[in-house]
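Protein chains in written order, with my numbering: chain A, 5 to 405; chain B, 297 to 598.
Worth flagging that the hints you see were computed from the coordinates, not collected in a lab. Among the clues, some could well be false.
What the hints assert, rightly or not - No farther apart than 20 Å at their CA atoms in a straight line, the calculated lysine to aspartate or glutamate pairs in the DMTMM-like style are these: (1) K68(A) with E10(A); (2) K400(A) with D268(A); (3) K292(A) with E391(A); (4) K67(A) with E391(A); (5) K386(B) with E391(A); (6) K386(B) with D492(B); (7) K386(B) with E10(A); (8) K32(A) with E10(A); (9) K390(B) with D480(B); (10) K390(B) with D196(A); (11) K390(B) with D492(B); (12) K231(A) with E214(A); (13) K390(B) with E69(A); (14) K32(A) with D422(B); (15) K294(A) with D268(A); (16) K390(B) with D268(A); (17) K466(B) with D480(B); (18) K472(B) with D492(B).
What the hints assert, rightly or not - Not everything, but these chain A residues come out facing chain B in the computed CB check (under 10 Å): (19) V40; (20) R43; (21) W44; (22) G140; (23) L142; (24) I200; (25) V201; (26) N215; (27) E218; (28) S224; (29) R298; (30) M382; (31) V383.
Stated by the list, open to error - Computed from the model, here is a short list of chain B residues facing chain A with C-beta under 8 Å: (32) F346; (33) T347; (34) I387; (35) S399; (36) G406; (37) M407; (38) I517; (39) F533; (40) I565.
Owing to the predicted nature of the structure, the values given are computational and were not obtained by experimental measurement. Ideal Cβ placement from N, Cα and C applies to all residues, glycine included.
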Amino acid sequence: MTANNEIKRSLAASVWFMFLTFPIMVIKVNTVTHTVEWRWANMLWVGIGAFFLSMLWRYLLIKKEMGNNKETSDKPGLVQTITANPRFYIPALVALGVFILVFPHLFSMYQTSIMISALIYVMLGLGLNIVVGLAGLLDLGYVAFFAVGAYSYALLNLTYGITFWVALPLGGLLAGCFGILLGYPVLRLRGDYLAIVTLGFGEIIRLVLENWNEFSHGPSGIANIPKPSLFGLDLTLDQKTIYLFYILVLLVLFTIFVINRLQDSRIGRAWVALKDDEIACQAMGIDKAKTKLRAFALGATWAGMGGVIFAAKTTFINPASFTIWESVIILCTVVLGGMGSILGVISGALLLILLPEYLRDFGQFRMITFGIVLVLMMVFRPGGMIENVRKTYTFKGKMEN
Amino acid sequence: MDFDYFMQLFLGGLTRGSIYALIALGYTMVYGIIQLINFAHGEIYMIGAFTGLIVSSVLTMAGMPTLGVVIMAAMAAVIYSSAYGYTMEKIAYKPLRNAPRLSALISAIGMSLFLQNYVLLAQTSDFLPFPSLIPDFDFWEPYAHLISSPELVILATTFVVMMLLTVLIKFTRIGKAMRATSQDKIMAALLGINVDRIISVTFVVGSATAAIGGLLIASHIGQINFYMGFIAGIKAFVAAVLGGIGSIPGAVLGSFVLGWTESFFTGYISSDYEDVFAFIILVVILIFRPSGILGKSETQKV
Chain A
5 MTANNEIKRS
15 LAASVWFMFL
25 TFPIMVIKVN
35 TVTHTVEWRW
45 ANMLWVGIGA
55 FFLSMLWRYL
65 LIKKEMGNNK
75 ETSDKPGLVQ
85 TITANPRFYI
95 PALVALGVFI
105 LVFPHLFSMY
115 QTSIMISALI
125 YVMLGLGLNI
135 VVGLAGLLDL
145 GYVAFFAVGA
155 YSYALLNLTY
165 GITFWVALPL
175 GGLLAGCFGI
185 LLGYPVLRLR
195 GDYLAIVTLG
205 FGEIIRLVLE
215 NWNEFSHGPS
225 GIANIPKPSL
235 FGLDLTLDQK
245 TIYLFYILVL
255 LVLFTIFVIN
265 RLQDSRIGRA
275 WVALKDDEIA
285 CQAMGIDKAK
295 TKLRAFALGA
305 TWAGMGGVIF
315 AAKTTFINPA
325 SFTIWESVII
335 LCTVVLGGMG
345 SILGVISGAL
355 LLILLPEYLR
365 DFGQFRMITF
375 GIVLVLMMVF
385 RPGGMIENVR
395 KTYTFKGKME
405 N
Chain B
297 MDFDYFMQLF
307 LGGLTRGSIY
317 ALIALGYTMV
327 YGIIQLINFA
337 HGEIYMIGAF
347 TGLIVSSVLT
357 MAGMPTLGVV
367 IMAAMAAVIY
377 SSAYGYTMEK
387 IAYKPLRNAP
397 RLSALISAIG
407 MSLFLQNYVL
417 LAQTSDFLPF
427 PSLIPDFDFW
437 EPYAHLISSP
447 ELVILATTFV
457 VMMLLTVLIK
467 FTRIGKAMRA
477 TSQDKIMAAL
487 LGINVDRIIS
497 VTFVVGSATA
507 AIGGLLIASH
517 IGQINFYMGF
527 IAGIKAFVAA
537 VLGGIGSIPG
547 AVLGSFVLGW
557 TESFFTGYIS
567 SDYEDVFAFI
577 ILVVILIFRP
587 SGILGKSETQ
597 KV
């Protein structure tokens with residue numbers, strides 16, 4: 005009876021989507037040659053696809069509904085159980101470490117290069133995770149700080165000949181300053197306004213870079229940015245790539261270390277409290293503005309360092325690399341992986357960046373998939389793939405009567 | 297500065313502003329009812345323009361007279377945009393009604409990304425030339441240096457749409473229900489208003505006005521592409537915030553103010569930083585007067 009009903013509803017959905025996508029999927033006009041191309045096959049695919057997806061959608065919604073009715077259990081998932089048990093995670097870590105060490109020697113330069121970009125995104129994701137995952141501030145202009153880092157290395161190198169190792173902390177610092185600069189006035193804003201202002205800020209930075217030719221060389225960008233050098237040794241291009249890979253691995257480890265320490269610190273807990281309830285948090289005596297500012301500045305610092313590495317990796321930057329959609333991709337890695345969870349963000353970034361790279365034919369569907377991922381994740385699994393489990397503190401002392 | 301040039305910029309700003317207003321109305325209505333920034337609203341407007349182009353091209357090639365083409369294209373654009381707005385609400389926002397606002401916002405961004413790339417994949421990433429739907433009128437010839445007749449039509453259409461919308465919200469039963477829902481959803485539901493239906497209606501009406509805006513601007517500029525919704529959406533959002541988000545007269549006023557400032561800015565200072573300017577206005581307003589010109593400031597309670 006109910007199953008029959010579901011099928012009927014899915015059929016209706018399928019007809020509805022065929023109607024909905026009709027002009028855009030089926031008809032393609034060429035306004036120059038005045039010809040119309042009718043692609044009826046698309047309509048069939050939409051109909052069949054919509055039917056099955058609608059069934060799946062309904063099933064998932066019902067399942068979610070039932071899950072809500074049950075007592076929400078705090079039982080950790082599979083991943084959490086593994087990561088909590090040293091018997092499992094120590095061998096895994098050792099294996100992973102060895103794999104990373106031999107990776108650039110085992111695989112081609114192309115693979116290493118892809119891995120470098122993925123690791124840059126891991127770093128960016130972890131940085132954004134501080135802002136979005138921990139402090140609950142939606143930052144849509146994150147790529148602006150990435151751009152600040154990249155441009156500060158490129159420009160400092162071009163004008164003053166500053167090397168990578170000096171530029172790395174400097175780029176981070178500069179981006180951090182920009183984070184404070186932006187954060188300071190907008191802290192009073194609520195979540196969604198904050199998102200829009202940060203988006204506006206990101207676009208301002210990009211448009212300035214595009215239009216201020218004397219400063220940033222405009223849309224043509226800056227080329228010939230040197231890769232990092234190893235104590236002045238003469239390295240071949242391949243060696244430089246491998247070197248960059250190891251630098252990045254170290255930096256990611258450093259990032260994980262810092263965030264791990266931050267999470268359990270006073271300020272980390274203040275962030276989480278702020279995310280849950282701003283007003284209650286204020287009532288507990290937490291300085292709202294300062295706490296938010298710290299999250300912003302720290303997140304920006306990581307983006308800045310990521311930017312410096314990005315510039316060093318590609319050796320060419322222009323404003324086209326820093327559009328709003330780049331921010332959205334980074335956001336997507338955080339959301340998919342699991343907001344607030346380090347392991348989640350890392351796997352999210354690796355999955356989202358590596359998968360489209362390896363599935364070449366899939367490349368053009370990359371952005372559309374990201375859009376779907378964002379919506380589906382929010383509807384069905386807002387915690388992400390690897391949910392962050394809130395620490396519970398138990399009283400271990402003796403109760404006094 | 298001669299007066300004619302000033303008038304030209306003034307009227308140009310008015311036209312610009314009236315198109316922003318058509319899009320900003322959707323933002324402000326949706327925000328007024330469910331306190332959500334519908335990030336994908338710009339995409340609805342883009343879909344309206346695309347549908348208009350496809351339908352009008354097909355009909356023109358089939359040999360339909362111009363007036364018929366214009367009417368059919370406008371109807372198709374309105375119907376399809378509304379349908380997209382409706383479906384979007386059902387998929388991306390309805391399941392999240394009780395979720396944190398961050399989730400709904402991320403879902404909206406996802407929807408925007410999806411719709412853009414859907415049009416990109418199904419159609420093209422190139423700019424498509426859009427036929428001018430509004431002809432030049434002969435009787436308007438002596439004043440055409442100030443404001444062209446298509447611009448005049450844009451102004452008139454906007455005016456009519458605004459009037460219809462005011463009537464809908466102020467005097468009809470559904471408008472009353474919309475106002476009640478925006479005041480207090482739970483109370484409205486207790487009084488027998490079908491809140492889900494009202495939210496759907498809001499999306500449909502907002503999408504329909506956005507579609508009209510999309511058609512008008514596409515026919516005015518003469519080209520469309522899958523990315524056009526983003527910047528227009530942001531600007532309309534700026535206008536809505538400027539006027540006070542949630543307030544319908546505010547959205548209209550904000551749009552005109554934004555249209556004029558942009559027009560004078562590009563006319564007298566520089567056109568390079570036109571888009572930057574809109575963003576700067578946004579940041580400045582949100583910092584100094586987040587409630588906008590006509591908006592009420594709200595206090596947050598626990």
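Right, here's what the structure says about each hint:
no.	hint	verdict
1	K68(A) with E10(A)	16 Å, holds
2	K400(A) with D268(A)	18 Å, holds
3	K292(A) with E391(A)	26 Å, violated
4	K67(A) with E391(A)	18 Å, holds
5	K386(B) with E391(A)	26 Å, violated
6	K386(B) with D492(B)	10 Å, holds
7	K386(B) with E10(A)	17 Å, holds
8	K32(A) with E10(A)	33 Å, violated
9	K390(B) with D480(B)	17 Å, holds
10	K390(B) with D196(A)	18 Å, holds
11	K390(B) with D492(B)	8 Å, holds
12	K231(A) with E214(A)	24 Å, violated
13	K390(B) with E69(A)	14 Å, holds
14	K32(A) with D422(B)	13 Å, holds
15	K294(A) with D268(A)	18 Å, holds
16	K390(B) with D268(A)	36 Å, violated
17	K466(B) with D480(B)	17 Å, holds
18	K472(B) with D492(B)	15 Å, holds
19	V40	6 Å, holds
20	R43	9 Å, holds
21	W44	14 Å, violated
22	G140	6 Å, holds
23	L142	6 Å, holds
24	I200	7 Å, holds
25	V201	5 Å, holds
26	N215	5 Å, holds
27	E218	13 Å, violated
28	S224	16 Å, violated
29	R298	19 Å, violated
30	M382	4 Å, holds
31	V383	5 Å, holds
32	F346	6 Å, holds
33	T347	5 Å, holds
34	I387	7 Å, holds
35	S399	5 Å, holds
36	G406	3 Å, holds
37	M407	6 Å, holds
38	I517	14 Å, violated
39	F533	7 Å, holds
40	I565	13 Å, violated
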